[in-house]
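Residue-level listing of the chains:
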Amino acid sequence: MGSKDGILERVGGIMADTFDLDDLKVTPETTAGDIEEWDSLSHVRLIVAIERAFKIKFSNAEIERLRNVGELVDAIASKTGQTA
Amino acid sequence: MSDLAWLRAPPPDFRARVNALKKAGAGVEAGLELLRLASYRLDENQLAKLASVARALSGEAPQFTPVKVALIGDGTLSLVAPAIEGSGVRHGVLIDVVLGGYNAVVHESFDETSAVHAARPDLVVLATDCRVLGLSRAAGSREAANGLVEAAFTRTRMIVERMGKSGRGGVIVQTVPAPADALFGSFDRVEATSPFAMTEAFNGKLREWALAGGIALADIARLAASIGAERWDDPRHWHASKLPFSPDFTPAYADVIARLVGALTGKARKVLVLDLDNTLWGGVIGDDGLDGIVLGQGSATGEAFLAIQTFALDLRQRGIVLAVCSKNEDATARQPFREHPEMALKEDHVAVFQANWTDKAANLRLIAEKLNLGLDSLVFVDDNPAEREQVRRELPMVAVPELPDDPAYFPRYLAAAGYFEAVAFSEEDRARADLYQTNAERAELMSSASDMDSYLRSLDMRCRIGPVSSVNRARVAQLINKSNQYNLTTRRYTETQVADMETRPDKLMLQARLEDRFGDNGIISVVILDRKGREWDIDTWLMSCRVLGRRVENAILKTIAGYARSHGATALTGSYIPSAKNQMVKDHYEKLAFRLMESSESGAARWRLDLGQYDEPELPMRIEAELAEVEGV
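Quick note, the sequences are listed as chains A and B, same order.
Counting from 1, one number per residue, gives the positions in the first sequence under the numbering used here.
Counting from 1001, one number per residue, gives the positions in the second sequence under the numbering used here.
Keep in mind the hints are simulated off the structure, nothing from the lab.
Where hints are given, some of them may not hold.
[Said to hold, decoys possible] Partial selection, computed: residues in chain B whose CB lies under 10 Å from chain A:
id	residue
1	Asp1013
2	Arg1041
3	Glu1044
4	Gln1046
5	Ala1048
6	Leu1079
7	Arg1236
8	His1237
9	Ala1240
10	Pro1247
11	Gln1317
12	Lys1346
13	His1349
14	Glu1618
Using N, Cα and C, we set each Cβ at its ideal position, and we do this for glycine too.
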């Protein structure tokens, strides 16, 4: 399993927690439009939870650029130095 | 302690346990599981999850008091709202937050049809921010700085006054953390026009207001300072989402608010129970002996243990009762208290001393029983993780802080947990620990007295009954809000409401003090009557449990009956409204010869005393009653 798959799995778990959805399935193509609970407020909670879990910080500009879960995973991978 | 280090890390199956609890539904067991789940170090998502199940159980888990809180203020508060609800569980309250609209605090407080008014909240929390208050940018002159501070305070006062009309239990206002970044540097504190000096001045005004009893203060400025201003104040999140502080500290913030709501609801803890070996001194007294234990000046570890003792003594001085719970032979355990020259704690400071080989949960039960307090009044400090686990499993209502390996940090963990949160402080609080102690001595005396009445006579009691006024109002309000057990109706009134009732001709409000040869117990009972027509109704009757069995209730009834008769009343009526904690007064009116009028399945009952049938009893005390001669209606 590539490290991005590992990141995607962890992000999926954090999203399940944040949106309180037990059987949430996420793919790199998932966007906020696909998940009803993903609004601007829970987005803040998601980013905070991800920053805490991966011990990284995003700038507001970086967050504003993200369009789907795949790009979020890419951003995490580059911040944590995993690019495989 | 921004990471709530006194709480354990949550278990991996936290979500599953919350879901299981949601399915299982209400009841005492559900309440205990809710307490266990709340005792973990939860992040904001887990707190929200816990809040959702707490809401589902609301009103059906008898350990908790439901409290409706209106949360209003500046910036985005929707992130902290569910976290406050979840943290409430930890402090004995099921908080239902009614959230004000974004940037609408002034408008909503003035509009009496707004959602926050319409919700009829029990408490209001006002969370203001220095940026919205206009204190975050330097003022152009000293006069302008004064004007800005004054304007910020006036805005706050207007909101509080308007919201106070709906917030029946009062308003919590938070102090405002200053911006992290200095303008002048150290000179900021000196120069009145700096944002730092202006927020300090604003907080000073809040402090005066809280001292006068107008508001309860949530010292968020202090929380931010202890976490660190630069970590607290995160401009990134302010710019992006108007979050007033870094969301990393949402759980810490929510816990501070929740513990204050708990304290205002009478849920603050009262007793510190201490283990001995490796908690109050280094080593094991039974193995190492008096010369072998590590304590006191001369060694870093010995000083750390001494600091734990002096911290406990400081708590005792502010009225927290101390008890000991240790696996030891009794005589061995007491030896350091009696003979070790470095011991700061003496036997005299300890209200209940339990040293034996029985398990700790059983001993904690006994301690609560001897002190006549609920188990949820106890905090148990033990260095041994196994003992902590046993107590948590058996008695989830007892607070058991995690402790680090190094005893140097024990006091910090204990202080940061906020178990003994106070919203007011009086000289009587200071004396409380002594009172519980002398109760133990009275119990000794009772075992030697041949019968109850001669025992009571030997106490040489004097019961003084009088009106409520500004002199004793704070203590009376405190009793009204803290008494759970000996409380017939558990109706809560704020200090402002008490002040109002003092002058109303249709109310009779009295307080009683009890002195005996061991000392003055202070104000120990409050009664409020509605004096309408010829049947006066007892709205509130409560008493401190430490004077249980002293026939104070008989003395009070005798006084009320005499007064009511001479003011044209022919009967007294009273209600018993059952709560999770007031079982002990179920038969209160029956014992006082009231007749049952009606009762419901829930256990609530109405009682009536025909004053024509009432015979004044002989009581083993002197009664000195002095009630105001307000004209009846």
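So, going through the hints one by one against the coordinates:
1. Asp1013: violated (13 Å)
2. Arg1041: violated (13 Å)
3. Glu1044: Hint on Glu1044 (chain B): holds, closest Cβ of chain A at ~6 Å, below 10 Å.
4. Gln1046: holds (7 Å)
5. Ala1048: Cβ of Ala1048 (chain B) sits 7 Å from chain A, so the hint holds.
6. Leu1079: holds (6 Å)
7. Arg1236: Cβ of Arg1236 (chain B) sits 6 Å from chain A, so the hint holds.
8. His1237: Holds. Min distance 8 Å.
9. Ala1240: holds (5 Å)
10. Pro1247: At about 4 Å, which falls below the 10 Å cut-off, the nearest Cβ of chain A leaves the hint on Pro1247 (chain B) intact, so it holds.
11. Gln1317: At 40 Å from the nearest chain A Cβ, Gln1317 (chain B) fails the 10 Å test, so the hint is violated.
12. Lys1346: The hint is violated - Lys1346 (chain B) has no Cβ within 10 Å of chain A, the shortest such distance being about 46 Å.
13. His1349: violated (43 Å)
14. Glu1618: violated (65 Å)
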